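Peer 1: Protein chains in written order, with the numbering used here: chain A, 98 to 507; chain B, 10 to 172.
Treat the hints as calculated values from the structure; they're not laboratory data.
This structure is a prediction, so every number in the text was calculated from the model and none was measured.
The beta-carbon is built from N, C-alpha and C at its ideal position, and this holds for glycine as well.
Incorrect hints may have been included.
As the list claims (entries may be wrong) - When the alpha-carbon atoms are kept at most 20 Å apart in a straight line, the in silico DMTMM-like pairs for lysine to aspartate or glutamate are as follows:
no., chain 1, residue 1, chain 2, residue 2
1, A, 446, B, 17
2, B, 85, A, 456
3, A, 446, B, 74
4, A, 474, A, 485
Stated by the list, open to error - Covered stretches of chain B (chain A as the covering partner; in silico rule of three or more C-beta atoms under 8 Å from a C-beta of chain A):
no., stretch
5, 86-94
6, 106-116
7, 121-132
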Amino acid sequence: MTQTQLETRLNTLDDYGSVIGTAEVAELRTLAQRLRGRTVQMVNSTAVGGGVAEILNRMVPLMNELEIGVRWDVITGGEDFFAVTKAFHNALHGESYRLSDDSFKTFLANAEQNRSRMHFDCDFTMIHDPQPVVLIDARPGGGGHWTWRCHIDLSQPNLKVWNFLAPFVNKFDSAIFSSPAFARRLPIPQYLFYPSIDPLSEKNRELDADLIEQTLARFEIDPLRPIITQISRFDRLKDPVGVVRAYQIVKRYTDCQLVLAGGGASDDPEGDAVLAEVREAAGTDHDIHILDLPATSAAEINALQRGSTIIVQKSLREGFGLTVTEGLWKKKPVVASAVGGIPSQVIHKHTGMLAHSIEGTAYQVRFLLSNPGIAQKLGENGHEHVREHFLITSDVRRHLTLFLHFLRPN
Amino acid sequence: MTEGFSNDFAQWVLGSCNRPVLAEQMASVDIRDYVSVVDLRNDLRKVVEEYCRGNSNTASQVAFEAFFFCETVEEKVSLGREAWTLEDFRDGLQDLAHGSLQFHFVTSRLRLQLRTNDFSRWFSKELGLTELARKVDQIDIYTTTLDSARSTLLHLVERELAQ
């Protein structure tokens with residue numbers, strides 16, 4: 098177990114007034130007053146990389162500022178454990194995968210190790226995703242309120258894996274999903290919470306045009322030609338090879354560039370293999386920029402997104418797709434697959450364009466490159482959509498409301 | 010932000026079932042005409058039933074995607090602020106978060122079981138401003154955003170104060 102490192106430059110709640118209005122900030126303080134002194138424990142599987150870590154990185158300090166004592170713990174595990182959890186992740190997203198009995202043993206053995214290291218004494222415990230789900234068995238004497246926060250799409254899970262995990266999930270008091278379509282039939286109450294981005298973080302804050310230009314220059318990207326960008330871990334479910342194929346179709350019509358940039362998550366052992374596949378698909382095209390960025394590259398990712406003409410997210414499966422949220426927040430036209438939580442964000446022809454195939458992705462990119470006025474309007478609508486629903490402050494408000502709801506008698 | 014129809018049912022009927030006529034009919038059911046959820050539900054059902062009766066060939070067609078029924082968890086927390094005059098009210102309204110505006114201006118209609126909202130009721134009952142109450146009640150909550158509804162409301166209050 099490690100106590101995570103939080104971002105060094107932290108914004109206070111009042112800083113968000115310029116983004117969401119002072120009334121919304123005041124509402125958060127009012128809600129939190131009734132929870133003052135209560136304690137919350139967040140548990141997940143990685144401190145850096147991936148959407149969950151990013152959300153917790155901001156949510157924990159904001160809740161602490163509201164005088165709710167939040168502790169964030171990260172489970173530990175060896176390569177064998179994270180290979181199993183990655184396989185679980187893919188299988189829960191519906192991928193066919195053969196899991197041996199040893200996989201389940203590895204999963205349970207690791208949980209036992211973490212359980213013996215961690216302690217649970219908070220009013221509210223929130224276990225994020227399947228990796229630490231077994232920790233429910235460490236609940237002391239049925240105390241506190243335990244919630245399983247599932248960030249992934251469980252609509253078509255591999256049943257062998259789900260049937261293994263479900264008995265643990267059923268022991269929680271409640272579960273939270275990112276979309277009603279992700280939920281399973283469970284004997285416990287289920288809540289719908291959208292994930293969120295921090296508009297003031299290094300990854301999303303406004304940037305000077307000079308910094309954007311410098312970043313593009315550093316990666317030898319031409320700012321004068323259209324730039325199509327997908328920001329994602331190098332993961333097969335994000336279909337980076339499919340993005341290369343779509344770009345190759347667009348390239349027949351427009352002299353454009355493709356940026357595939359991704360950081361690694363410490364709980365993803367497949368990244369190197371996928372990166373090699375992408376490089377092979379790209380071949381010798383110098384207009385394809387494959388950037389394997391460290392997890393600390395928030396500023397670079399921000400600049401790449403802001404410097405892009407179009408943001409693409411061609412996932413085959415997706416939990417929510419916070420990279421889509423980031424693109425929308427930056428007023429960029431987004432072309433994304435209609436999977437997972439993406440349709441909640443990309444309302445077709447209103448906040449972006451949805452696609453269902455490589456060809457469809459290429460077509461929508463071509464359409465937007467040919468119609469910059471429409472592209473700009475989509476970007477503006479997308480920005481407002483994110484401001485209303487997908488900012489960290491809305492996420493904090495939902496959590497505070499839920500904790501109050503849990504405290505209500507009966 | 011306003012997009013398409015302002016209720017989930019109509020939006021699903023249009024987007025996932027491709028039934029624009031039924032969508033328009035469902036979108037036209039106005040919460041302001043109801044004092045109970047039961048009556049509202051009955052009329053929505055009636056609209057769907059009549060459509061299905063007249064279009065039996067399409068009634069059993071499978072939608073592009075499922076409709077997921079959800080319910081809202083509402084937690085009421087006092088803001089600790091009060092208005093005793095129309096000026097107090099104006100100042101408070103300017104600093105009201107979206108959640109509070111939704112609570113007092115939209116969902117209050119069914120909670121009160123009256124054909125009005127919290128604001129209009131207070132204008133009428135406590136300040137005797139029945140005309141202001143009526144005009145505020147006319148603000149179309151279906152085709153505007155909460156922010157634009159607030160702007161209209163503020164405009165009406167300012168005009169009342171100027172008289």
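Peer 1: A separate judgement is required for each hint: does it hold in the structure or not?
Peer 2: Verification of the supplied hints:
1. For the proposed pair residue 446/A and residue 17/B, the alpha carbon gap of about 18 Å is at most 20 Å, so the pair holds.
2. With a C-alpha separation of about 49 Å, the suggested pairing of residue 85/B with residue 456/A is violated against the 20 Å cut-off.
3. Restraint check for residue 446/A and residue 74/B: satisfied, since their Cα atoms lie roughly 18 Å apart, inside the 20 Å limit.
4. Between the alpha carbons of residue 474/A and residue 485/A the distance comes to roughly 17 Å, so the proposed pair stays at or under 20 Å and holds.
5. Note: the stretch 86-94 of chain B has 3 residues with beta-carbon separation from chain A under 8 Å; the three-residue rule is met and the coverage holds.
6. A count of 4 residues in the stretch 106-116 of chain B with a Cβ less than 8 Å from any Cβ of chain A is obtained; the coverage claim is therefore met, three being the minimum.
7. Counting residues of the stretch 121-132 of chain B whose CB lies closer than 8 Å to any CB of chain A gives 0, so the stated coverage by that chain is violated, three being the minimum.
Violated hints, listed in ascending order, are 2 and 7; each of the other numbered hints is respected by the structure.
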